[in-house]
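K.L.:
Listed below are the residues making up each chain.
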Amino acid sequence: MSLGRDIRAAIVAIVVFTVAFGLGYPLLVVGVSQVLFPGAANGSQVKVAGKVVGSSLIGQNFADVVYKNGKPVMMNGEPVTTPDPRYFQSRPSATVPPYNAAASTFSNLGPNNTATETEISGNVQTYLGLNKAPSGRLYDPAVRTAAEVPVDAANSSASGLDPDISVANAKIQAYRLAAVRGLSLAKVDSLISTYTTGRSLGFFGEPGVNVLQLNLALNRLSGGH
Amino acid sequence: MTVQGWAQIILYMVLLVALGYPLGMYMARVYSGERVLLSRVFGPFERLALSAFGQSERRGQDWKHYARSLILFSLAGWLLLYIVLRTASIQPWSSYAGVQFHAAPWDVTFNTTSSFLTNTNWQYYGGETTLTYFSQMVGLTVQNFASAAVGIVVAIALIRGLVQRSGKSLGNFYEDLVRTVLYVLLPIAFIAALVLASQGVLANISHYLNVTGPTGLSQTIAQGPVAGQEAIKELGTNGGGFFNVNAAHPFENPNGFTNFFEMLLTLVIPVGLVFTYGKMVGSRRQGWAIFATMGILFFAGVCVAYAAEAHGSPAQHAAGLHTAVISGSTGGNLEGKEQRFGIAGSALFDVVTTVTSCGAVNSAIESYTGLGGAIPFANLSASEVIFGGVGTGLYSMLLYVLLAVFIGGLMVGRTPELLGKKVEAREIKLVALGILITPLAALLSTALAVASKAGRASISTAATGPQGFSESLYAYLSQANNNGSAFAGYTGFHQPNPGNLGSAGVALADLVGGFTMLFARYAPILFALAVAGSLAGKRVSPVGLGTMRTDNPTFVILLLGVIVLVGALTFFPALLLGPLVQALTPHLY
Numbered sequence: 001m002s003l004g005r006d007i008r009a010a011i012v013a014i015v016v017f018t019v020a021f022g023l024g025y026p027l028l029v030v031g032v033s034q035v036l037f038p039g040a041a042n043g044s045q046v047k048v049a050g051k052v053v054g055s056s057l058i059g060q061n062f063a064d065v066v067y068k069n070g071k072p073v074m075m076n077g078e079p080v081t082t083p084d085p086r087y088f089q090s091r092p093s094a095t096v097p098p099y100n101a102a103a104s105t106f107s108n109l110g111p112n113n114t115a116t117e118t119e120i121s122g123n124v125q126t127y128l129g130l131n132k133a134p135s136g137r138l139y140d141p142a143v144r145t146a147a148e149v150p151v152d153a154a155n156s157s158a159s160g161l162d163p164d165i166s167v168a169n170a171k172i173q174a175y176r177l178a179a180v181r182g183l184s185l186a187k188v189d190s191l192i193s194t195y196t197t198g199r200s201l202g203f204f205g206e207p208g209v210n211v212l213q214l215n216l217a218l219n220r221l222s223g224g225h
Numbered sequence: 001m002t003v004q005g006w007a008q009i010i011l012y013m014v015l016l017v018a019l020g021y022p023l024g025m026y027m028a029r030v031y032s033g034e035r036v037l038l039s040r041v042f043g044p045f046e047r048l049a050l051s052a053f054g055q056s057e058r059r060g061q062d063w064k065h066y067a068r069s070l071i072l073f074s075l076a077g078w079l080l081l082y083i084v085l086r087t088a089s090i091q092p093w094s095s096y097a098g099v100q101f102h103a104a105p106w107d108v109t110f111n112t113t114s115s116f117l118t119n120t121n122w123q124y125y126g127g128e129t130t131l132t133y134f135s136q137m138v139g140l141t142v143q144n145f146a147s148a149a150v151g152i153v154v155a156i157a158l159i160r161g162l163v164q165r166s167g168k169s170l171g172n173f174y175e176d177l178v179r180t181v182l183y184v185l186l187p188i189a190f191i192a193a194l195v196l197a198s199q200g201v202l203a204n205i206s207h208y209l210n211v212t213g214p215t216g217l218s219q220t221i222a223q224g225p226v227a228g229q230e231a232i233k234e235l236g237t238n239g240g241g242f243f244n245v246n247a248a249h250p251f252e253n254p255n256g257f258t259n260f261f262e263m264l265l266t267l268v269i270p271v272g273l274v275f276t277y278g279k280m281v282g283s284r285r286q287g288w289a290i291f292a293t294m295g296i297l298f299f300a301g302v303c304v305a306y307a308a309e310a311h312g313s314p315a316q317h318a319a320g321l322h323t324a325v326i327s328g329s330t331g332g333n334l335e336g337k338e339q340r341f342g343i344a345g346s347a348l349f350d351v352v353t354t355v356t357s358c359g360a361v362n363s364a365i366e367s368y369t370g371l372g373g374a375i376p377f378a379n380l381s382a383s384e385v386i387f388g389g390v391g392t393g394l395y396s397m398l399l400y401v402l403l404a405v406f407i408g409g410l411m412v413g414r415t416p417e418l419l420g421k422k423v424e425a426r427e428i429k430l431v432a433l434g435i436l437i438t439p440l441a442a443l444l445s446t447a448l449a450v451a452s453k454a455g456r457a458s459i460s461t462a463a464t465g466p467q468g469f470s471e472s473l474y475a476y477l478s479q480a481n482n483n484g485s486a487f488a489g490y491t492g493f494h495q496p497n498p499g500n501l502g503s504a505g506v507a508l509a510d511l512v513g514g515f516t517m518l519f520a521r522y523a524p525i526l527f528a529l530a531v532a533g534s535l536a537g538k539r540v541s542p543v544g545l546g547t548m549r550t551d552n553p554t555f556v557i558l559l560l561g562v563i564v565l566v567g568a569l570t571f572f573p574a575l576l577l578g579p580l581v582q583a584l585t586p587h588l589y
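If you read the protein sequences in the order shown, they are chains V and G.
Going by this note's numbering, the first sequence opens with residue 1, and the numbers climb by one from there.
Going by this note's numbering, the second sequence opens with residue 1, and the numbers climb by one from there.
Each hint should be verified, as a subset may be incorrect.
Said to hold, decoys possible - Between beta-carbon pairs, the in silico distance windows are:
# : chain 1 : residue 1 : chain 2 : residue 2 : range
1 : V       : Glu78     : G       : Leu584    : 36 to 42 Å
2 : G       : Pro44     : V       : Glu78     : 53 to 59 Å
3 : V       : Leu221    : G       : Val195    : 34 to 40 Å
4 : V       : Leu183    : G       : Thr585    : 43 to 49 Å
5 : V       : Val80     : G       : Ser452    : 38 to 44 Å
6 : V       : Ser193    : G       : Ala300    : 34 to 40 Å
7 : G       : Leu11     : V       : Gly129    : 39 to 45 Å
As the list claims (entries may be wrong) - Here are some chain G residues pointing at chain V (derived, C-beta under 8 Å):
#  : residue
8  : Leu80
9  : Ala222
10 : Ala451
11 : Ser452
Bear in mind the hints are in silico, worked out from the structure with no lab data behind them.
Bear in mind that the values here come from a model prediction, so they are computed numbers and not experimental data.
Idealized CB from N, CA, C, for every residue including glycine.
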């Protein structure tokens, strides 16, 4: 066969492939999914009073903007935020700003790097700080040092958008939430078990607590912001 | 480590064989030209496509003609993909959430194009901030199918060379290509995409979503036609993420089930092809022997990675964390890992993705412990023969089988034979070259990158000490093996704004990486096809008492030895400087 015929075959083939697999296949998947699973295919949106407040699969930063003299304090072009103690806190996130769901990223911190230790220690301090009431009392009296902080609360997630925290992490934060919101610890703990996503099909993966859904449930119980 | 963790790993191995075996038998029928159940549906499309390509006669091609068709098809694909990626600003759907998307710079695009053509899917860019939906679909998804099919057909051609007793034909490239996408890739990918979409993987072409959360902070949530690409990315062992964090993103991999499902998709074809080989050469035991070799290396890797990650990292221990399993927490090194996958689900995914040429990740490989991170290094150092990429794994492994047969033959003083065909000087020269190309490309490009200032510019600032060397070595090892996973701190792309306005490439990293991927993909393909051509038509000598068998445990051990020795001799010095030194010390740098 001639080279010319081979070149023609290659060009026709890549054009046919492009139409079939670049337009046909992906748009067919979109179309069928939109009919069969519209909720899942559109981002598992969570609504409160008809307004979308987030996605049940995407974590959020439950924090408040810091104001000084009536203006938001800015750092590197982003408003500085501080964790809101009235909400369960998500895992540390490496995106800028935290939980930026339009630009996911890993922390890429190595196992033997001082930068990693600094980062972890910072996260631990924030976590321990939140466990301390303004009066100096510890919300969860058992959590005093880094040794009691669950690893998911000290290490940033892979996506920077992890929607879950570990059950151990949630149970510690429950003490704070109960005190700040004036609820009984048992009530908060029962909410935690309601919003604990078990292993898929009871077997795959690890259990986790969906932070957005848990926080929304708390708001329904004791008022929002 | 937990019982549930181990149970998931064992179930994975079992399901892999349970699904891979029947798929392998099915593929053997597809490539023997038999009618299969799907012929009813896709038969007309197959005939239509082949007649459009001028191949209705399905004329057999010798190895040179087969290779020429493959190279021309790849070249046409390269040019088209480069054009698609460079015209982002005039594409439909090119602005989201008020951001107008532009093309990435030429050097980054060169890298990306070469990356997707070669089934590598190395990504210096983040999908959601860099590419339009149009580029993702019309550019990348197309090559996810095409590059996977190209890998598979080379393996099939090599098998045909091994069994062909008369004539020089290895089959028809276009017939194999079309039958691969229609009867294997498309049906499985389509069903898998719907399964993923039902679990929460996105399948829309909507604008990015703007929401205001309970505390009043706003959040922009990326959207897109993810499910289709996700399915073929795993099935074709491509591995290019729709989003920057790949399969760690909840919209690519929403729960423990999808994580498990995606891991099965990744390995099912590579495992199946091993059994296809056994069936097509007329002795299923040959397939099982290769499967055993791969399975042993795979399982060993999983055990080490799981144990190392469950133990935790020196940085965690220095910060005072306790990394043991406690009630309600898996413990372990959870830096760069998602809660829903945990340690076991992350470690297993990590091994699955680095033994194949997939390179999708559900956790940050850069943040793995020294020993846990040494496993991906070791898998890459074995040149992707532990199951390997679709097709590439099998043809690379068959080159090692030929080498093992040769070494075994020398040891017992017999003429080396595989399946009754004499392995002679010409074949063994081609085999040796085919095996050495990948390590050569990886080591030379790493040396260039760490020895030059322009190369070191790609190392991330936090990666001090051996981590910086590990980042560089991994980058070129991954690209040379057409894997695509990364120590993702290593960068070849600076992007100050989403949408690429004002972005710039790091030319050295982009170009060296791009050429490495192309060279280490197409040179071994040519050597594999040349070996096939050389073996095709050779006389088959009858099995006798003196024949060295290639389907028994002795041969499995010999093959294991050859793979480990070649990998270790080539890479041990380099690995010592990076991951191994990190594994051996609790010291922080």
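K.L.:
Falls inside 38 to 44 Å, the C-beta gap from V:Val80 to G:Ser452?
P.N.:
holds (39 Å)
K.L.:
Min Cβ distance, G:Ala222 to chain V: is it shorter than 8 Å?
P.N.:
holds (5 Å)
K.L.:
Just to be sure I understand the hint, the distance between the Cβ atoms of V:Ser193 and G:Ala300 should be within 34 to 40 Å; is that true here?
P.N.:
holds (39 Å)
K.L.:
Do the Cβ positions of G:Leu11 and V:Gly129 conform to the proposed distance bound of 39 to 45 Å?
P.N.:
This hint holds: roughly 42 Å between Cβ atoms.
K.L.:
At a threshold of 8 Å, is the proposed contact between G:Leu80 and chain V supported by beta-carbon distances?
P.N.:
It holds, given that the least Cβ distance between G:Leu80 and chain V is near 6 Å, below 8 Å.
K.L.:
Looking only at beta-carbon atoms, does the pair G:Pro44, V:Glu78 fall within the given range of 53 to 59 Å?
P.N.:
holds (56 Å)
K.L.:
Regarding the hint that G:Ser452 lies at the interface with chain V, is the smallest CB-CB distance below 8 Å?
P.N.:
With a closest approach of 22 Å, the G:Ser452 hint is violated.
K.L.:
Range first: 36 to 42 Å. Now tell me if the beta carbons of V:Glu78 and G:Leu584 are that far apart.
P.N.:
Since V:Glu78 and G:Leu584 have Cβ atoms about 40 Å apart, the given range 36 to 42 Å holds.
K.L.:
I want to verify a distance hint. Is the separation of the beta carbons of V:Leu183 and G:Thr585 within 43 to 49 Å?
P.N.:
Once the Cβ atoms are compared, 48 Å apart, the range 43 to 49 Å for G:Thr585 and V:Leu183 holds.
K.L.:
Does G:Ala451 pass the interface hint, meaning its C-beta sits closer than 8 Å to a C-beta of chain V?
P.N.:
violated (21 Å)
K.L.:
Holds or violated: the 34 to 40 Å window for the beta-carbon distance between V:Leu221 and G:Val195?
P.N.:
holds (36 Å)
Of the hints listed earlier, those the structure fails to meet are numbers 10, 11, in rising order.
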